[in-house]
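J.: Spelled out, the chains give:
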Amino acid sequence: MKLWLQIIIAMIAGIAVGALMRVTGFDAKVLLPLGTAFLELVRMLVVLLIFASMTLGITGVRDPKKLGRLGIKTLLFYFCTTVISIAVGITFATYFELGVGFSEEMANASLTITEPQSVSEIFVSMIPSNPFAALVSGNALQIIVFSIFLGVAINMSGEKGRPVMDAVESLADVMVQLTSIVMKFAPVGVFGIMAWIAGTMGLDKLLQLARFVLVYYFACLLFASVIFLGMIRLIAGLNPVRFVQGMWSAIVVAFSTGSSSASLPVSMKCIQENLGVSKNISGFILPLGSTINMNGTALFQGMAAIFVAQVYGIHLDMYSVLTIVITATLSAVGTAGIPGQGFIMLSVVLTSVGLPYEGLFMLAAVDRLRDMIGTVVNVMGDAVVAVTVAKQEGELDEMCYNQGLPELEGSEV
Amino acid sequence: MKLWVKIIIAMFLGLVSGWVIGPKAEMLYPVGEVFLKLIGMIIVPLVLASMTVGITSIHDPKKLGRVGLKTLGLYFVTTVISIILGLTFAFIFSVGYGIDITPGQPLAEVEPMTLAQIFSNLIPINPFASLTTNANILQVIVFALFLGVAINFSGERGRPLLEIMESVSEVMYSLTSIVMEFSPIGVFAIMAWVAGRFEMSVLLSLAKFLSIYYVACLIQLFVVFGGLLVFIARLSPGPFFKGMWEAMTVAFGTCSSSATLPVSMQCVQENLGVSKNISSFVLPLGSTINMAGAAIFQGMAAIFISNAYGIHLDFLSIITVVITAVLSAVGAAGIPGSGILMLSAVLASAGLPIEGIGLLLGIDRIREMISAVVNSMGDAVVAVTIAKQEGELDELQYYDVQVAELEESEA
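The listed protein sequences derive, respectively, from chains A and B.
Counting from 1, one number per residue, gives the positions in the first sequence under this note's numbering.
Counting from 1, one number per residue, gives the positions in the second sequence under this note's numbering.
Honestly, the hints are just simulated from the structure, not real lab data.
One should not assume that every hint holds.
Simulated coverage check for chain B against chain A, where a stretch passes if three residues somewhere in it have a Cβ under 8 Å from a Cβ of chain A [stated by the list, open to error]:
| # | stretch |
| --- | --- |
| 1 | 38-48 |
| 2 | 256-267 |
| 3 | 363-374 |
| 4 | 385-393 |
Derived EDC-like pairs: lysine to aspartate or glutamate, alpha-carbon spacing no greater than 16 Å straight-line [to be verified]:
| # | chain 1 | residue 1 | chain 2 | residue 2 |
| --- | --- | --- | --- | --- |
| 5 | A | K279 | A | E395 |
| 6 | A | K160 | B | E163 |
| 7 | A | K160 | B | E166 |
| 8 | A | K269 | A | D397 |
| 9 | A | K29 | A | D397 |
| 10 | A | K205 | A | E97 |
A quick note: this is a predicted structure, and the numbers were derived from the prediction, not measured.
Note that beta-carbon positions come from the ideal geometry of N, C-alpha and C, so glycine has one too.
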């Protein structure tokens with residue numbers, strides 16, 4: 001049975017069992033350790049996963065000068081869309097007050113969070129004074145900064161840097177495997193969390209989680225149609241309908257696998273054959289994007305951070321929000337496109353502003369549901385940038401792009 | 001433009017702008033802090049990897065022991081000379097008389113560590129725990145030593161690990177070069193901060209102490225270290241100072257000898273032709289246990305405070321000062337700002353009031369600038385001397401520095 005199906009079944013079973021226990025007067029909290037154990041396993045992955053995949057990602061950019069105008073333009077597009085997605089997530093969560101009133105008990109826990117005092121403090125605290133200490137404390141920003149420097153230094157060392165590079169590469173592969181092993185336990189974890197929520201908190205909490213997912217879908221659709229299609233229309237000057245048509249099979253694959261890496265080959269094919277983007281451009285932009293550009297994930301992180309803060313009744317000030325934006329942007333860069341990476345990275349974003357890690361619990365239960373649309377946005381984001389850059393660089397075959405559009409052809413004649 | 005030229009320009013600009021901006025220059029400090037943290041990030045992996053590799057390339061255990069003993073011996077001798085130099089200068093120029101004693105904030109006394117404590121602190125209980133703090137560099141050194149020997153014993157099967165270590169040390173050298181590109185910015189910020197928070201009145205009242213300290217440090221640098229090169233290593237001192245110039249400017253501009261370690265390792269290997277196995281062993285060890293500049297300060301400060309308080313020091317207490325200063329230099333290994341911290345141990349041992357340190361706190365940063373230079377040059381001089389004696393010095397490379405410089409100035 002496919003993993004996503006297992007997870008959906010586990011969700012339903014969890015709700016049923018939890019509701020049953022509630023009715024019969026059992027304490028559903030006994031099932032929570034199943035969820036906690038799963039989340040601890042996830043946590044085990046974070047540090048090494050970021051370290052290895054980030055370093056590897058940087059070594060992939062061989063020579064910053066060779067990267068050139070095209071590369072810088074691509075990175076700039078990725079950066080802007082990522083920041084916009086986080087902002088959209090934060091805005092939606094704030095506007096809809098997704099987490100307010102979730103749990104009296106949690107809101108009254110009166111947690112104090114460590115707030116950075118100033119922008120310069122945020123930047124100083126991003127730099128590790130000892131890489132091992134950063135790894136031990138799990139300080140993701142510091143690990144990312146170290147990995148960036150390490151990656152550049154490995155490239156600079158040439159042949160002599162190879163053994164380290166090989167080791168990092170191997171570590172990254174092993175961590176991806178480890179992630180998929182851990183994800184096999186996801187149904188058990190989701191079952192435990194769902195039973196706990198249904199059993200101790202009741203139906204209205206489930207509805208509130210469902211509302212989170214619905215608002216997320218809404219935000220994603222709005223983001224994709226306004227920002228992405230707007231980019232196609234206004235910046236690239238192309239027909240957005242044709243873009244969606246051409247990318248359709250990649251969108252379907254992304255929705256069902258929840259993995260932007262798994263959708264990469266399909267979207268590569270779509271963008272080259274249906275949309276007429278040259279192989280030069282797509283071969284460079286899409287693989288880069290599938291590792292460093294995650295719009296759907298970024299949107300989720302902004303939304304989830306606000307959700308957790310609201311659940312715990314914590315007010316986030318401007319600096320904390322800025323820290324969330326920086327961390328979410330960088331941690332989106334530091335993850336491979338594997339299923340589940342969204343909420344693996346969420347733990348990083350939460351801890352960066354001192355929000356309780358436990359806030360993940362509720363969201364972990366529904367993560368699979370929301371990851372489906374999230375991956376679609378991730379994949380579309382890469383493709384949009386590829387088409388836009390290709391158009392601007394004159395590497396887009398417009399005949400090919402427009403071929404599926406009879407009405408346009410008709411108007412040309 | 002060469003890097004050291006940029007650093008010197010940055011230093012100058014920093015001092016001027018700090019002086020103009022005044023105390024508000026404090027807001028530039030985070031920039032300097034970022035730079036110091038970036039260098040700090042390199043130190044532990046660099047020491048671990050390069051030292052392990054260095055040890056594996058010394059196949060003869062006897063040689064390992066000989067080099068180790070010689071290093072410790074030379075460090076001991078130079079430290080004692082530095083303390084005596086400090087004492088003597090302070091006596092001759094009778095520093096400290098007529099100073100207005102206004103007690104500063106009370107300071108906690110630091111107990112000097114006993115030899116037993118020092119030794120038990122050397123051994124890492126958990127190598128990963130030792131790697132997580134820059135203060136535990138001595139434990140990292142000890143671990144690297146054992147690891148290197150164990151890799152050699154493992155023969156062929158140890159090779160993959162050795163290759164990774166070799167590669168890590170190379171990568172860390174590249175990383176040093178990358179971070180050093182930022183050094184002018186960092187030095188600018190640090191110098192502006194130093195100059196900005198400085199009160200002229202404090203400087204004037206301690207001008208005599210400070211200038212005598214600088215003179216003593218220069219004598220240590222050129223007479224003692226230069227003499228060591230001429231008479232013991234039998235090398236011309238000129239190329240040494242030219243080759244180390246970059247490290248010297250970095251030390252002066254950052255006030256930190258440990259921040260200078262990655263740079264001086266590069267200078268010693270690439271400009272002076274010291275083999276990697278000697279330099280990767282001698283320099284990290286020296287950066288923690290050999291602080292010639294700090295030792296001069298401790299001797300000088302002891303006399304300064306005894307004069308200021310009108311306490312007469314007899315011969316025995318002077319001997320005590322020397323012994324405590326040597327021990328505390330070892331025990332202070334890796335404690336940041338240890339110069340001033342360990343001074344309290346030295347003062348206490350001679351029965352001098354610890355509050356006296358407050359008199360000298362105001363000039364600590366300016367003192368540390370030259371102090372860091374002497375500290376790091378003290379390590380480099382020992383590395384060159386031992387390399388020469390062990391036949392691990394590429395003399396062609398050592399003198400090439402001069403040739404290259406001459407060619408350039410002729411052109």
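J.: Which numbered hints are broken by the structure, listed smallest first?
T.: The structure conflicts with hints 2, 3, 4, 9, although it agrees with all the remaining ones.
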